[in-house]
Amino acid sequence: MDRSRRAVLAAVLSGGVGAALLSPAKGYLDRFAPLSGDYWDAATTTTPETVSSAYGSASVRYDDAHVPTIEGDSEAALAYAVGYVHGTDRRFQMDLFVRRMRGELAAAVGEQGVESDRFHRQMDFTAAAEANWDALEDTETGASLSAFADGVGDATADGSVAPEFQLLDYEPREWSPVDTLLIQKQIGWGLTGSFRTLRNAAAADALGADAAAELYPDRLDHDSPILRPSVSFDSLASDVTATPERTVDAEFARWASTFESPDGVGSNSWVVSGTHTESGKPLLANDPHLSLLAPPLWYRQHLRAPDLQVGGVAFPGVPFVVIGENDAGAWGFTNAGGDSIDFYRYDTDGETYRYGDETREFDVETQTIAVSGGEDREVTVRKSVHGPVLERFGQRVGVAWVGLQANRTAAAIRELNYSDGRDEAMAALRAFDHPTQNAVYADREGNTQYYMTGLVPRRVTDSESVPVNQIFDGSETEGEWPGYEPYGVPDRSEFVPSEAKPQSRDPDYLATANQRIVADEELDYYLAEAYSAPWRGKRIYDLLDERAASDDPMDFAFVRRVQRDVRDERAALFVPVILDVRGEMDGRARAAADELADWDYRMDRDSRAALVFAFFVDAYRSQVFDAAFEAAGLDDRFYPNDWVLLHLPPDSRWFEDPPSGDARSRAATIAAAMTDALDAVDEAGHEVYGDYNRTAIDHPFDQSFLNYPRYPTDGSPATVRNVRKASAVGSSYRLLARFDGETSESVIPGGNAGSPFSDHYDDQLRDWADGEYRPQTPTTDGDPDVEFVPEEGGDA
Amino acid sequence: MRSPLATLWAVQRSARQRRAATVGAVLVGLGLGSVHWLGFVVGGALVGVCWPSLRSAIAAGFGFGVVAVAVFLARFALVGTLDGALGMGPLIAIAVVTPLVAGSLGAAVRGLLPAGESE
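As given, the protein sequences belong to chains A and B, one line each in that order. Under the UniProt record's numbering, the first residue of the first sequence carries the number 1, and numbering increases by one thereafter. Under the UniProt record's numbering, the first residue of the second sequence carries the number 1, and numbering increases by one thereafter.
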């Protein structure tokens, strides 16, 4: 009896231990067991109170939202400390950004990173960043980037390793100054890397040129450009001609589009001069609509050094303040939409291509993509005179992109941080080579300024300017960019000069929301292929105009109200149309439409009408386009924007003679969409808009314990207070800057700390969802949380 | 001179000695568990052999696991990350269950030893 019990116990013991040691459970236990599991190190490792620095003295004080005020005795001491702080708070995110841009994602995440790596290797963003570094290395900016990189490295060595590295069991890459420039390339790519030309060509090929022209107009008919007054705002249909030589198939366009930013990337900003404000001082607002990530895309920080007092946000990995304010002024950016990319086809035998009268060899390199847990892949990186040649599914397209050149943007941002008034800020903005941005500026002297940044190439064929809405014939030397030097330093004198770019000195008030900047006739060069729909731009101008015409001056509360505004101009346009066709609807749909009659078009969380309208727009889009697009093999990436959808007239071909599916009146289509919308609402179990419109901000690993909590919020893809739930895009930072002696305000959708163990991982998210702000105030009192002391033999 | 087994039985019989030995075993087990998760199995075994019966040994091994979990969570509480750690879903579950199971499993070693005089 005793013996058999012992045998059983021995079997249980050895079986239990053996199973844990020999099964996949061992990997989990190694990482997540208490006390010994590396994963938990991030929860118990605290930043040292004292850090030895080769760059001199600095200090860090965190406020109650974990926003650091970093003060250095010198610029280098500051940059080192900033690197240490970023390396402590956002190391995983920084590594992920850089791996993506370098094409080394699969080495960390496995198979799912392979296609991304293939694309990014082919684009060779790394070589572009290296060219940038070559141009910056011996400058003050280069010195800051070097010190920053050392700070990141020392923070990593000191044990501040993010738990994500343990989750996937890999090590962060060593950080270098090139990586900071890769972050800049990533942001630039997200804002200007558009494959619209390829998509339009593929859509024209699939649907017919006429249909495509109607769906993807180059210009939208409205009267709310950034620079007013302006003339000639008729819509301009795209004249894409899809010849077999100048198109790609939808599969290629879809593949390439995967590496664009998601739908909805845009931004709002406006400045109001003291002429219109209660205090007599300017006001500035900015909220860039970028991907909403956990942790957030932005890192809030205050920086102080001799001659420097600046606060705002930076991208993790960037040692300066990108958007914010200093002791002289404040600045913000929205995407200008300048066309910074062109595409080329070649006469080629595979290894060589014709370029005018010459035959040239592609610059070819075979690289290996390391794949964690999988088979390594080889990728051919091919370049022509224009830059990278993307190659997939048996098709090749040459790409010219402004961001592939060395640029001065990092130096320009640094100069903005140090700028002492408008003249210096403008000098910095003129050197902001990439991307094209609507920069707004206001300062304590009462100046207001608008300026469009970024190099704008002139496109020429045989010395003649050419329109740019098609794939160029690279072999015929069409669409050349004088001065362009991919992976090198451009001849900037060949690009559109600063004085010819859109700008406005001392506007009374001015609003930018990615809409058309100015009438094309007012420019002597081609600027943009297309601009965003003017829903937000029109609304902001309406509010500013209304207030300016009233007896009430604009004040801080007013600009805050504008930034929180949730009136949906799509609803203002289309609800009357819906109401007009109620006779076509069944009883349930008619009752729902009746609820829209008294609605104020506000996308409030407690509104039933807002919920119905949001679902209606999606259903209407499906009713109009799904059949034809499915038949043509085009997915939702090819759908036109809501401006086009909601402006389709009753006699549009999409109702009377669609490319596929049965003809049906617009009224019947609207009625069917209303029924579909109500079905979808009921199926989801939603009662009010806030049941649907909830924050949906996820960690790249998409694990419930890393994703942000879901909070109801207000706004829509078309409102000033911007949130696009479907693609997790929205106001990534809200800044309200003032110059009347009171404190500016800001908020980010999440938290400053990247560690999911931290109380500050998502502590600003609720405020963001509720439209609340935090004071943008540096922390200068109290003992430092971290002190950097000069190390013996250091530079200091 | 008493054999090691006789000494162990003496420890098991004496409440005072058993308590002291158990505390020592817990400390050793925590030390080993801090190096590798197998340390919780060894710790459980050390704790288990201090007790006079298999049943009490397994209960003590489980108790050792509870202590290990408490120490684990206390470290988070000390640096202010307890809420974050408790929000880690399946990962914190692995961490909590590991010493409870390992401690109990290790304590089963007690059943492999000859029964003491009190048994």
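It is worth saying that the hints were derived from the structure and are not from the lab. We treat Cβ as the ideally placed atom computed from N, Cα and C, and that holds for glycine. There may be inaccurate statements among the hints.
According to the in silico footprint, chain A covers these stretches of chain B (three or more CB under 8 Å from chain A) [said to hold, decoys possible]:
#, region
1, 11-24
2, 66-74
To give a feel for the contact side, a few chain A residues facing chain B, derived at Cβ under 10 Å [stated by the list, open to error]:
#, residue
3, Leu21
4, Leu22
5, Ser23
6, Leu293
7, Trp599
8, Asp702
9, Leu706
10, Phe757
11, Ser758
12, Tyr761
Hint by hint, here is what the structure shows:
Interface restraint, the region 11-24 of chain B with chain A: violated (0 residues with C-beta to C-beta distance below 8 Å; minimum three). Against chain A, the region 66-74 of chain B contributes 4 residues with a C-beta closer than 8 Å to a partner C-beta. That satisfies the three-residue criterion, and the hint holds. Hint on Leu21 of chain A holds. Least Cβ distance to chain B is approximately 8 Å, under the 10 Å limit. With a least beta-carbon distance of about 13 Å to chain B, the hint placing Leu22 of chain A at the interface is violated under the 10 Å criterion.
Given the 10 Å rule on beta carbons, the hint for Ser23 of chain A is violated: about 14 Å separates it from the nearest Cβ of chain B. With a least beta-carbon distance of about 18 Å to chain B, the hint placing Leu293 of chain A at the interface is violated under the 10 Å criterion. For Trp599 of chain A, the shortest C-beta to C-beta distance to chain B is roughly 39 Å, which exceeds 10 Å, and the interface hint is violated. Taking 10 Å as the C-beta contact cut-off toward chain B, the hint placing Asp702 of chain A at the interface is violated, the least distance being around 13 Å.
Here the hint on Leu706 of chain A is kept, as its CB sits about 9 Å from the closest CB of chain B, short of 10 Å. The interface hint given for Phe757 of chain A holds, since its Cβ lies 3 Å from the closest Cβ of chain B, which is under the 10 Å cut-off. Nearest Cβ of chain B to the Cβ of Ser758 of chain A: about 6 Å, under the 10 Å cut. The hint holds. Interface restraint check for Tyr761 of chain A: the shortest CB-CB distance to chain B comes to about 7 Å, inside 10 Å, so the restraint holds.
Checked against the numbered hints given earlier, this structure breaks hints 1, 4, 5, 6, 7 and 8; the rest are met.
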